[in-house]
Structure formats: C-alpha cells, structure tokens
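Participant: Listed here are the chains, written in short residue letters.
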Amino acid sequence: MGIAAEDFLGFLALNWQIALMLVIGLILIYLGIAKKVEPVLLIPIGSGIVLANIPLGGLVESGGAFALLRQAGIDTELFPLLIFIGIGAMIDFGPFLERPYTILLGAAAQFGIFGTFFLAYLFGDGWLGILDFSLKDAASIGMIGSADGPTSIYVSTVFESSYAPAIVVAAYSYMALVPIIQPPIMRLMTTREERLVKMPIKGKKISQRTKIIFPLVTILIVGFLAPKATPLVGFLMFGNLLRESGVVNRLSEAAQNEMANIVTILLGLTVGGMMVASEFLKPETVMIFVIGLIAFSLDTAAGVLLGKLMYMVTGGKVNPLIGAAGISAFPMSARVVHKVGLEENPHNHLLMHAAGANTAGQIASVVAGGAMLMLVPLFS
Amino acid sequence: LLTALWIVLLGMAIIFVVLGLLLGVMILLNRLLKPENKDGS
Numbered sequence: 006m007g008i009a010a011e012d013f014l015g016f017l018a019l020n021w022q023i024a025l026m027l028v029i030g031l032i033l034i035y036l037g038i039a040k041k042v043e044p045v046l047l048i049p050i051g052s053g054i055v056l057a058n059i060p061l062g063g064l065v066e067s068g069g070a071f072a073l074l075r076q077a078g079i080d081t082e083l084f085p086l087l088i089f090i091g092i093g094a095m096i097d098f099g100p101f102l103e104r105p106y107t108i109l110l111g112a113a114a115q116f117g118i119f120g121t122f123f124l125a126y127l128f129g130d131g132w133l134g135i136l137d138f139s140l141k142d143a144a145s146i147g148m149i150g151s152a153d154g155p156t157s158i159y160v161s162t163v164f165e166s167s168y169a170p171a172i173v174v175a176a177y178s179y180m181a182l183v184p185i186i187q188p189p190i191m192r193l194m195t196t197r198e199e200r201l202v203k204m205p206i207k208g209k210k211i212s213q214r215t216k217i218i219f220p221l222v223t224i225l226i227v228g229f230l231a232p233k234a235t236p237l238v239g240f241l242m243f244g245n246l247l248r249e250s251g252v253v254n255r256l257s258e259a260a261q262n263e264m265a266n267i268v269t270i271l272l273g274l275t276v277g278g279m280m281v282a283s284e285f286l287k288p289e290t291v292m293i294f295v296i297g298l299i300a301f302s303l304d305t306a307a308g309v310l311l312g313k314l315m316y317m318v319t320g321g322k323v324n325p326l327i328g329a330a331g332i333s334a335f336p337m338s339a340r341v342v343h344k345v346g347l348e349e350n351p352h353n354h355l356l357m358h359a360a361g362a363n364t365a366g367q368i369a370s371v372v373a374g375g376a377m378l379m380l381v382p383l384f385s
Numbered sequence: 091l092l093t094a095l096w097i098v099l100l101g102m103a104i105i106f107v108v109l110g111l112l113l114g115v116m117i118l119l120n121r122l123l124k125p126e127n128k129d130g131s
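These protein sequences, in sequence, are chains Z and H. Counting from 6, one number per residue, gives the positions in the first sequence under the numbering used here. Counting from 91, one number per residue, gives the positions in the second sequence under the numbering used here.
These are computed hints drawn from the structure, not numbers from a lab. Model, not experiment: these values are computed from the prediction. One should not assume that every hint holds.
[Claimed, not checked] In silico BS3-like cross-links for lysine-lysine, where the CA-CA straight-line distance does not exceed 30 Å: (1) Lys-216(Z) <-> Lys-322(Z); (2) Lys-207(Z) <-> Lys-124(H); (3) Lys-210(Z) <-> Lys-124(H); (4) Lys-344(Z) <-> Lys-207(Z); (5) Lys-287(Z) <-> Lys-141(Z); (6) Lys-40(Z) <-> Lys-287(Z); (7) Lys-207(Z) <-> Lys-313(Z); (8) Lys-40(Z) <-> Lys-124(H); (9) Lys-124(H) <-> Lys-209(Z); (10) Lys-344(Z) <-> Lys-40(Z); (11) Lys-41(Z) <-> Lys-287(Z); (12) Lys-209(Z) <-> Lys-344(Z); (13) Lys-124(H) <-> Lys-322(Z); (14) Lys-124(H) <-> Lys-203(Z); (15) Lys-313(Z) <-> Lys-210(Z); (16) Lys-322(Z) <-> Lys-210(Z); (17) Lys-203(Z) <-> Lys-40(Z); (18) Lys-313(Z) <-> Lys-209(Z).
[Unchecked claim] Computed, partial: chain Z to chain H, Cβ under 10 Å: (19) Tyr-106; (20) Phe-122; (21) Ile-206; (22) Lys-210; (23) Arg-214; (24) Val-222; (25) Ala-373.
[Stated by the list, open to error] Distance windows between CB atoms, simulated: (26) Met-317(Z) <-> Leu-100(H): 22 to 28 Å; (27) Pro-125(H) <-> Ile-38(Z): 26 to 32 Å; (28) Pro-125(H) <-> Val-318(Z): 24 to 30 Å; (29) Leu-31(Z) <-> Ile-117(H): 47 to 53 Å.
Beta carbons: idealized from backbone N, C-alpha and C, even for Gly.
One chain only, chain Z, in its complex shape (with noise of 0.2 Å):
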C-alpha cells in the first residue's frame, strides 16, 4: 500500500514541542475552570491550542477549519471590529459622560503602549538585536498595553506580525491579573494622604440626548484626526449608539449576547489555533509575556502620575488612585482601583470616578491603536 504508521497515527507524530503546546492549551482551559481566569476568552482559547497542535488533525492547514477560519476573520480584521459593537454596546459611557476630566486619565494611561513599544524595539532591531522584533512586531507588541484584545489583534494583524497569537494571549492573562498587578504599584506610587482623597460620589448629571450624540462625535472627532483608528472606534461607537438611541433594544441585546458570544468563540478557537508548536515556542514568545507585564505596570504609573498632577492642581480634590484605571480593561480595573481607596477609608466610594476613567481608556486605546498605525508606516 505504501502507507507509513505515521501517515495516520497522530502519536506517533509526537514530539516535545507539540507535547509542551497541548499542556498550555490543558492549562489554559484549566485556569479558565477551575480558577475561572478570563473563562470566555481561556476555555476557547486553550481548546483551540489543542485541537491545533494534534499531529495530522489538518485543522491549521490549508483548507482546514482553523486555516479557514484565520482567512475569514481575523487576516481581515473582522472578528476584532464585529467583538467591538458588542463592547460598545455593553459599556455605559455615563460615568465618563458626568466626569469628562477622567479622559485626561485614560490618555496618560496609554504611555504603557509607547514605553513598551520602545522597550521591544530596544531590545529588537531598534538597537540591541537581541530578539527578532522590527518595528511593526514592536508596535504590536506595545498593543498589549492598550489591555484591550481585540485592538491588540486588530493593530497585529494588520502589521502582520507573526507574534500575534502570542500578544493576544498576554493582553488577555494580564487583563485578569490586573487585580494582582495594579495594587502594589498604586501603593508604591501614592502617599497615604492622596489615597485618602474623598471624592463625591454623585456626578454632574447628563441628558440623554448627550449620550446618543456622543457616539457620533467621537466617532467624528477620532476619525478626521486618527483616520486609521475609524474602523475601531466606529465598529466600538456604533454598538454604543445601538445601546443609548433607546429605539433598537433588539438590536442592541443581540450585539451584547448573540453576536459577540458566537465571535467570541470563534476568535477564541482561530487565536488558539494560531498557536502551532513551530511558530508559538521561540524565546521572543517568552519575552513578550515578560514585556507585556511591563506594559500593564507602566500604564498603571502613568495613569496614576497624572492623577497626582491633578490632585496638586485642584488642591487636593482628585484622588491619584483614580488614574490606575485609565486602561481600559473594564470593569476590572475600576473595582481594583474603588476597593484599594476602601481598604484605606471604608467610606471613600471611587468607583464611579475609576470606571470613567476605566471607560475613557477603552475609547484612548483605540485611538492608541490608531495613532500606532498612522505613526509606524510613516516611519518605516
């Protein structure tokens, strides 16, 4: 017949790399049951690892599902833009809508994608050669800093960096490690007399006319000054403006459950899949995860750098803590910040000044994301 054993029998196709890629897919989807780490995101994720990764499955190869898959939606930066009107349509933008300053926060935020984009180029064809990171691979690498996903895979994608898998991934886990990451460098950075900051609870209130029509600013504003963070913010607006118009609930319930569960999965097992031993296990990968810690710790001091900025102008009226929630890993973020201003004062309630800024951030990110991708061509 001319037919070998290891033409049909996957074990005998083994080998430690592959072995290694199918324990962090097991660990993966353990994490995302048993100590329930980003479950929505783990589970297909680790499920998709595995299913790459067994020898002779063909699910990566050309005309595979998964093969298929990557084409459709994420080389055309389609499943990203389709996740970002469900996001948009399940964040209330009111309690950045009553605090506008909290913007400010969620810019200064977003230093941790420049400072980690620089920090990766450093180490890459920037100068010290060490590690195989151009400038696009660098930018992208940054992404992880906008603790936003699907941003990271869209900005990735479209400068076809190899290590996207890999960046995905690690904006992923350290957006569920934000709890563990945040604290200690808001401490480290604040003084007991600026976590003490009482701030009032309730904002300025809005109408709701100002919330339909702030969809459609920011989109115009974003769009005629970072026209390359347009499909971003206008996919994210869009889900938003399905959400406050108040007249298209169906549509807007869809976007938040339907929509963006079936491309959660199906982003999830195309991401995993991606994941292929030959590609995903080099020493880059490795340093990714370690820059993408960066990331997080260096948008956390940014963000909390300006609150201190704000907390001397204003006389002492802005808590600094607030600004650790300018990225825009929402409502994570927010909570971290509102429960370590608790465990200083029980009586100190920030959570709807964090989750403006945390929300500010989500909309900064994106115009990140933009900026990368105007700047990085420029100068290539």
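Following the hints, position chain H against chain Z.
Facilitator: Just chain H now, kept in the frame of chain Z:
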C-alpha cells in the same frame, strides 16, 4: 532608535490632542443639552 522615540512622542501627542478635543466638545455639549426632567414638571 530615534525613530521609535519620535513615534512615542507623536503617539502620545495625538492621543492628548484627539481626546482633549473630545473633552472640550463633551463639556460644551453638557452645557448646551440640559438633563431632561423625568417627572415632566
């Protein structure tokens, strides 16, 4: 490496300009559009 430094500086500048403008517009909108009175009185 100077290239990367330029991208960092320009990137942060773009973010602050875009979001600063958005902040200005939202403050203006908040002043122009007063909250609706829900009880209708």
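Participant: With reference to the structure, classify each hint as holding or not holding.
Facilitator: Now for the hints, and whether the structure bears them out:
1. Lys-216(Z) <-> Lys-322(Z): Holds. Lys-216(Z) to Lys-322(Z) sits at ~26 Å (cutoff 30 Å).
2. Lys-207(Z) <-> Lys-124(H): Holds - the C-alpha atoms of Lys-124(H) and Lys-207(Z) are around 17 Å apart, at most 30 Å.
3. Lys-210(Z) <-> Lys-124(H): holds, 8 Å
4. Lys-344(Z) <-> Lys-207(Z): holds, 18 Å
5. Lys-287(Z) <-> Lys-141(Z): Between Lys-287(Z) and Lys-141(Z) the Cα gap is close to 18 Å, so the pair holds against 30 Å.
6. Lys-40(Z) <-> Lys-287(Z): The hint holds at about 27 Å.
7. Lys-207(Z) <-> Lys-313(Z): holds, 22 Å
8. Lys-40(Z) <-> Lys-124(H): violated, 46 Å
9. Lys-124(H) <-> Lys-209(Z): Satisfied, since the Cα-Cα distance of roughly 11 Å is no more than 30 Å.
10. Lys-344(Z) <-> Lys-40(Z): OK: Lys-344(Z) and Lys-40(Z) at ~21 Å, within 30 Å.
11. Lys-41(Z) <-> Lys-287(Z): holds, 28 Å
12. Lys-209(Z) <-> Lys-344(Z): Since the Cα atoms of Lys-209(Z) and Lys-344(Z) sit roughly 23 Å apart, the hinted pair holds (cutoff 30 Å).
13. Lys-124(H) <-> Lys-322(Z): The given pair, whose Cα atoms are some 25 Å apart, holds under the 30 Å limit.
14. Lys-124(H) <-> Lys-203(Z): holds, 27 Å
15. Lys-313(Z) <-> Lys-210(Z): Holds - the C-alpha atoms of Lys-210(Z) and Lys-313(Z) are around 26 Å apart, at most 30 Å.
16. Lys-322(Z) <-> Lys-210(Z): The given pair, whose Cα atoms are some 19 Å apart, holds under the 30 Å limit.
17. Lys-203(Z) <-> Lys-40(Z): violated, 34 Å
18. Lys-313(Z) <-> Lys-209(Z): At roughly 23 Å apart (the allowed maximum being 30 Å), Lys-209(Z) and Lys-313(Z) satisfy the hint.
19. Tyr-106: Given a least distance of 7 Å, the restraint on Tyr-106(Z) holds.
20. Phe-122: holds, 7 Å
21. Ile-206: It is violated, given that the least Cβ distance between Ile-206(Z) and chain H is near 17 Å, above 10 Å.
22. Lys-210: At about 4 Å, which falls below the 10 Å cut-off, the nearest Cβ of chain H leaves the hint on Lys-210(Z) intact, so it holds.
23. Arg-214: holds, 5 Å
24. Val-222: holds, 6 Å
25. Ala-373: holds, 6 Å
26. Met-317(Z) <-> Leu-100(H): 22 to 28 Å: Given a distance of about 27 Å, which is inside 22 to 28 Å, the answer is holds.
27. Pro-125(H) <-> Ile-38(Z): 26 to 32 Å: About 45 Å separates the Cβ atoms of Pro-125(H) and Ile-38(Z), which means 26 to 32 Å is violated.
28. Pro-125(H) <-> Val-318(Z): 24 to 30 Å: The hint (24 to 30 Å, Cβ to Cβ) holds, given that Pro-125(H) and Val-318(Z) are roughly 28 Å apart.
29. Leu-31(Z) <-> Ile-117(H): 47 to 53 Å: Since the Cβ atoms of Leu-31(Z) and Ile-117(H) sit about 51 Å apart, the hinted range of 47 to 53 Å holds.
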